[in-house]
Structures are given as structure tokens and as C-alpha cells.
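> Sequence:
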Amino acid sequence: MKALIQRVGKASVTVEGTVQGAIDQGFVVLLGVREGDDEQAARYLADKTVNLRVFPDPQGRMNLSLKDNGGGILVISQFTLYADTRKGNRPSFIQAAKPELAQQLYSLYVDALTAELGKKRVACGIFGAHMLVELINDGPVTIELNTDRYAKEN
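With the numbering used here, letter number 121 in the sequence shown gets 121, and the count goes up by one each step, no holes.
Errors might be hidden in some of the hints.
[Said to hold, decoys possible] In silico DSSO-like pairs for lysine-lysine, Cα to Cα no more than 30 Å straight-line:
| hint | residue 1 | residue 2 |
| --- | --- | --- |
| 1 | Lys87 | Lys119 |
| 2 | Lys119 | Lys98 |
| 3 | Lys2 | Lys48 |
| 4 | Lys87 | Lys120 |
| 5 | Lys10 | Lys87 |
[Unchecked claim] FRET-style restraints, in silico, Cβ to Cβ:
| hint | residue 1 | residue 2 | range |
| --- | --- | --- | --- |
| 6 | Lys120 | Lys87 | 42 to 52 Å |
| 7 | Ile94 | Gln59 | 41 to 51 Å |
| 8 | Arg90 | Gln59 | 43 to 53 Å |
| 9 | Gly118 | Val141 | 19 to 29 Å |
| 10 | Gly118 | Arg90 | 35 to 45 Å |
Think of the hints as simulated: they come from the structure by calculation, not from any bench. Cβ atoms here follow ideal geometry from the backbone N, Cα and C, with glycine treated the same way.
From just these sequences and the hints, can you work out the full model?
Right, dumping it as C-alpha cells:
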């Protein structure tokens, strides 16, 4: 699994003209699932996400996590994170998980975030829908988390 995390001042996701989720300060997470990912990987990635220390402390150093600062998370499913562009100019998505597995692990990731932060602090788009995502990147701070290392350790 892969999470591309952007620290934001605020963000929202709209589907068919309706805002589906919005947050103030926090993270926008673009979440990709690939073939071979499992439930343990989703829980591991959720734990890494909520504990990622990239918010400023009183001295201005990136030292606080979402758990510390009370921020929210907007999670967007993003199978294109596993695009393979090695051949030609049209990406291949063969590494991306099939929709059934991807939706299951996406939901598990969101549930794990919600268990840590509470329902009011976690917002989502609609899995598989065409979404319009608006955000104000704060910093900018953009970090990729993935489960590659986790998979090698287990």
C-alpha cells in the first residue's frame, strides 16, 4: 500500500456537485492499494499516518502528529499511485489491486484511522468515483508512506 500525504490548511472532496468530505488543518491522503496487500498492511499504514510528526511544535519544528494537534484526515482512493510508466507513454495499472480488494483495504484503513482519531476527524471521498479534490497545501509538506519495508520485515 502507498499513502501520499499532503499537510493542508483545509481540503474538500466533491462528487457530482456534492461535497462528500471536508477538513480544516490536517492531511489529505491519496491511498493506493496494490495486488498482494493485506489487512495488516492497512493497519500498519494507518498507524504510521496518525503518528507522522510533521506539524510544528511551539518552537516551529516539525514535531507534532495529528494525534497531538487535533487535525483531520481526508482520504481519497487513488489507484493511479501504482501506475507503471516504464514502457511507452500510457501508464499500466497492472500492479494496482482489483477493485474488490482495494475497496476492502481502503475501508479498513479508514476504519483504523477513525478508531484512533474519532469519526469527526476522518473524512472520505467515494471509492471509485470521479472526484474533485481541493486543498491548500501547508508548507508545502508532502510525504510518501508505503508498506514495502513492512512487507519485507514480515
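> Decide if the proposed pair is consistent with the structure: lysine 119 and lysine 98, CA atoms, cutoff 30 Å inclusive.
holds, 27 Å
> Keeping to a limit of 30 Å between CA atoms, is the pair of lysine 87 and lysine 120 held or broken?
Distance ~43 Å between lysine 87 and lysine 120 Cα, so the pair is violated.
> Check the following: the C-beta atoms of lysine 120 and lysine 87 are separated by a distance inside 42 to 52 Å.
This hint holds: roughly 45 Å between Cβ atoms.
> Please work out if lysine 10 and lysine 87 have their alpha carbons no farther apart than 30 Å.
violated, 37 Å
> At the C-beta level, are glycine 118 and valine 141 separated by a distance inside 19 to 29 Å?
This hint holds: roughly 23 Å between Cβ atoms.
> Do the beta carbons of isoleucine 94 and glutamine 59 sit within 41 to 51 Å of each other?
holds, 46 Å
> Does the structure keep lysine 2 and lysine 48 at a Cα separation of 30 Å or less?
holds, 11 Å
> Should the hint that arginine 90 and glutamine 59 are 43 to 53 Å apart at their CB atoms be regarded as holding?
Given range 43 to 53 Å: holds, Cβ gap about 48 Å.
> Could you see if the CB distance from glycine 118 to arginine 90 stays within 35 to 45 Å?
This hint holds: roughly 42 Å between Cβ atoms.
> Quickly compare the C-alpha distance for lysine 87 and lysine 119 to 30 Å and report which way the hint goes.
violated, 42 Å
The earlier numbered hints that this structure contradicts are 1, 4, 5.
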